[in-house]
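**Student:** Here is what each chain is made of, one letter per residue.
There are 2 protein chains.
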Amino acid sequence: MSEVQETRPRPETLREHLKQVQDMLRKHRLVEHLVHSQDMPRHELVESLVHKQNLAELRKKLDVLHPADVAYILESVPLAERRVVWDLVKADRDGEILLEVSDAVRESLIASMAPQELVAAAEHLDTDELADLAPDLPGNVLEDVFRSLSVEERQQLRAAMSYPEDSVGALMDFDMVTVREDVTLEVVLRYLRRLDELPDHTDQLFVVDRDEKLKGRLPVNRLLVSDPERLVGELMDTDVVRFTPQQNADEAAQAFERYDLVSAPVVDASEALVGRVTVDVMVDFIRSESETEVLNLAGLREEEDIFASVWKSAKNRWTWLAINLVTAFVASRVIGLFEGSIEKLVALAALMPIVAGIGGNSGNQTITMIVRAMALGQITPRNARGLLKKELVISLLNGLVWGSIFGVFATVLYHSIPLGLVMMSAMALNLIVAASFGVFIPMLLHRFGRDPAVGSSVLITAITDSGGFFIFLGLATLFLV
Amino acid sequence: MSEVQETRPRPETLREHLKQVQDMLRKHRLVEHLVHSQDMPRHELVESLVHKQNLAELRKKLDVLHPADVAYILESVPLAERRVVWDLVKADRDGEILLEVSDAVRESLIASMAPQELVAAAEHLDTDELADLAPDLPGNVLEDVFRSLSVEERQQLRAAMSYPEDSVGALMDFDMVTVREDVTLEVVLRYLRRLDELPDHTDQLFVVDRDEKLKGRLPVNRLLVSDPERLVGELMDTDVVRFTPQQNADEAAQAFERYDLVSAPVVDASEALVGRVTVDVMVDFIRSESETEVLNLAGLREEEDIFASVWKSAKNRWTWLAINLVTAFVASRVIGLFEGSIEKLVALAALMPIVAGIGGNSGNQTITMIVRAMALGQITPRNARGLLKKELVISLLNGLVWGSIFGVFATVLYHSIPLGLVMMSAMALNLIVAASFGVFIPMLLHRFGRDPAVGSSVLITAITDSGGFFIFLGLATLFLV
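For the record, the sequence lines run as chains X and U. Each residue of the first sequence is one higher than the one before, counting from 40 in this note's numbering. Each residue of the second sequence is one higher than the one before, counting from 40 in this note's numbering.
Just so you know, the hints here were simulated from the structure itself, not pulled from any lab data. A couple of the hints might just be wrong.
Copies of one chain are not kept apart here, so a pair can be met inside one copy or by any two copies together.
[Claimed, not checked] Think about it this way: if two alpha-carbon atoms lie no more than 35 Å apart in a straight line, the pair counts; the simulated DSBU-like pairs of lysine-lysine are:
1) 354 <-> 429
2) 58 <-> 254
3) 100 <-> 383
4) 428 <-> 91
5) 354 <-> 254
6) 428 <-> 99
7) 58 <-> 99
8) 429 <-> 100
9) 254 <-> 428
10) 91 <-> 429
11) 99 <-> 129
12) 428 <-> 351
13) 254 <-> 100
14) 354 <-> 129
15) 254 <-> 91
Throw the hints in and build the complete structure from the sequences for me.
**Tutor:** This is the structure:
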């Protein structure tokens, strides 16, 4: 897909490109505004000339940019201007750019395109890229695209689309170069020279037998430094990191990271080569996984187009707010149980958020630790007990240290030693609750096959809030009121 | 560094390896226990034989594992067992494995090694790898290592160590293969064949002139498919993504992701080639950046060795707890201002956490959005006002919707329409506060040259907590009490 010679700016100049495009767009908008306001009809012609010049200049600018940079610019301008830019992009680059933009922006672009434009855009893509785009395409467009493919491509597309989103199969491509083990490097070199170019990220050739079964790998760099008279079979590695299409993409990403891979073969149950995954796709996957994690922590369901409508953005945020309001409601009712005590000793109202707050912070620290260790596979049943014990000891330590400080503070402020003691005990107890659930919640979620990274934080905060209020107000009711 | 032929297990079997090692370690511990307890002196000899067999078996297992996998096992076992495993690892692999383990675990391993062991381990490393390890090495070890290097290596090490941690210079290596533009591919191929092997991740040769100035790049794949009679100068790309050593590694990572790079040249101010960065290092960087982000969000200062001592772990978590307790203290004093009102209308105590809570959640959503958009460079002065307006509208919408629900709830529960109205207004107002500061805080931090991802979340929660209490209790005092 690199027939066009694109200029790839240094990162520091990318923002300058954006600024230039923004300036051009502003000029364009000004002119449009003048043309549409009927005040100066005489100048219409001139203005529309200026207008055309403007757009031509912008088009020229976009033509030399790398698809990823056009995608960046599309993501960085508001909807109306995005459409202007998108209309100027050469049709044969549409497909590539659609692959580069974020999901939310892709949606907005596809919505603005006519079916035949979409079909044309899709035609410039490989089947593995098509599979990424397909879920966002309207049904009739997809049918047209499908009809334009060869039998082999249809098969590949069907296969690629059949795998779940986070599997190796969904990330693999079909651009492998294969060789036989009984030929010399000379033959391999002659064979390669007959190709126009090698697929991107070809750092190794896959050695297969007559049945396409994977026998080994021949690194391109070894091909270059070795004697051309030697046989592939003598020089290949048989120890190849390989994946299956059904495998979790997370596992593949960890292997790429661990073994510094650039590409890796994907094989089916009979060890036949069916595709390959490359590091650029893995980098995108790793980045998007970590973004999802950060977004989920803040309760954003998905990546948001910063220029999305208020309505769309609000919907993206509601699930989380609703969940949190339910837990806040529960906490509020817990406090309601103790209204009598608060009425008698109003200091409780001022102190109770401290107890709840430290529990939430500490619980979230424990959960983050455990979720990370679980993702790395470091938590085995034998480790788990030791970890729980350690977290409990830390929380007891923290409870005594911080509890004492705030106990003294409560005593001094409200002239009551018993109140100080209740404060200290409540903080220590709530920290122990936080540590226990901080270890249990991710393990339980994992046991039931759920992703422990999602929802753990809400749950622990709900527990430490309601729990903190209950423990503190309960102790106060027992000993103070 | 890949002279040893390591077996790289499929990811799914890595956990099995860990389990096997754990079983061997348990056997080892049992035997040790028997030997040390003096109950069966007659069998001592036999036992120590079993012991030796055990360890030999474990050593054999470790020898065939990839350094990254040994690192994984070291990270996954408690301190005492970690030392047993570490002692069994062949000395010439120590250096590589030290590079693979997490910072916290590295510290624990280095602490257990004698100076001469450390010097020996360092001797097997490239200078760029040495630079990564150097900050963790004791001063006298570093001096010994330095003395063992050639003049050129010393220069490289000094250069690599002089760059700040998150710069391109700190991540680059010196394994570039360079060619001149006036030679034929035939000559290049002959030159390469004289080398034993090419450096890892050599996907392109760097074309330089007599002064080492970068003129272009020759992709290895193009070298393979092109006519050997042609000149390098005819076939090279002059449009090369290049970095400077001083440049932020984040920018380089974005460029690797954007342009699907495998390697990229690093040049100095005069465009002379001084090193290269490769995608494996970038993947590690991206992963560690995202981990840091997640850890910081939970208030963990740094990655924690899950088997670290209670004391170390507690220290890692204290900064955050202390900051949060200060903000909780402020919020508590805000409530203290209104103790009179709460005494008269105790329902306020039960309702106030809801107002504070929704503000915190909503503010964190806004901040996460803005910080992401800022990291991608999507926020320009022209966008900023539009974004603020949008966030304000969303928060007003949310405030009215959720405020009404909780307003009705307060009215029904406490039989007071004025209370319901105060509840609704307070929620709407606090959400507006959250949206405004959610946009302002990251922008202010950025203006003052701080990383907006660090600390934003604490600040917004502090503001929406104290603000929420103040708004709600203030309104209640004005209109209800």
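**Student:** All the hints need checking, so say for each whether the structure fits it.
**Tutor:** Evaluated hints:
1. 354 <-> 429: Between. Shortest inter-copy distance 14 Å satisfies the 35 Å Cα cut-off; intra-copy 41 Å does not.
2. 58 <-> 254: between (52 Å within a copy, 29 Å between copies)
3. 100 <-> 383: Neither way: residue 100 and residue 383 sit 72 Å apart in one copy and 68 Å across, limit 35 Å.
4. 428 <-> 91: Close across copies (32 Å), not inside one copy (72 Å); limit 35 Å.
5. 354 <-> 254: Neither. Shortest intra-copy (51 Å) and inter-copy (52 Å) distances fail the 35 Å Cα cut-off.
6. 428 <-> 99: between (65 Å within a copy, 33 Å between copies)
7. 58 <-> 99: within (15 Å within a copy, 60 Å between copies)
8. 429 <-> 100: between (59 Å within a copy, 30 Å between copies)
9. 254 <-> 428: Intra 48 Å, inter 60 Å, cutoff 35 Å: neither.
10. 91 <-> 429: between (70 Å within a copy, 32 Å between copies)
11. 99 <-> 129: within (10 Å within a copy, 60 Å between copies)
12. 428 <-> 351: between (45 Å within a copy, 15 Å between copies)
13. 254 <-> 100: So residue 254 and residue 100 pass the 35 Å test across copies only (24 Å; inside, 48 Å).
14. 354 <-> 129: within (34 Å within a copy, 57 Å between copies)
15. 254 <-> 91: Close neither inside one copy (59 Å) nor across copies (38 Å); limit 35 Å.
In the structure shown, a violation is registered for the earlier hints numbered 3, 5, 9, 15, in ascending order.
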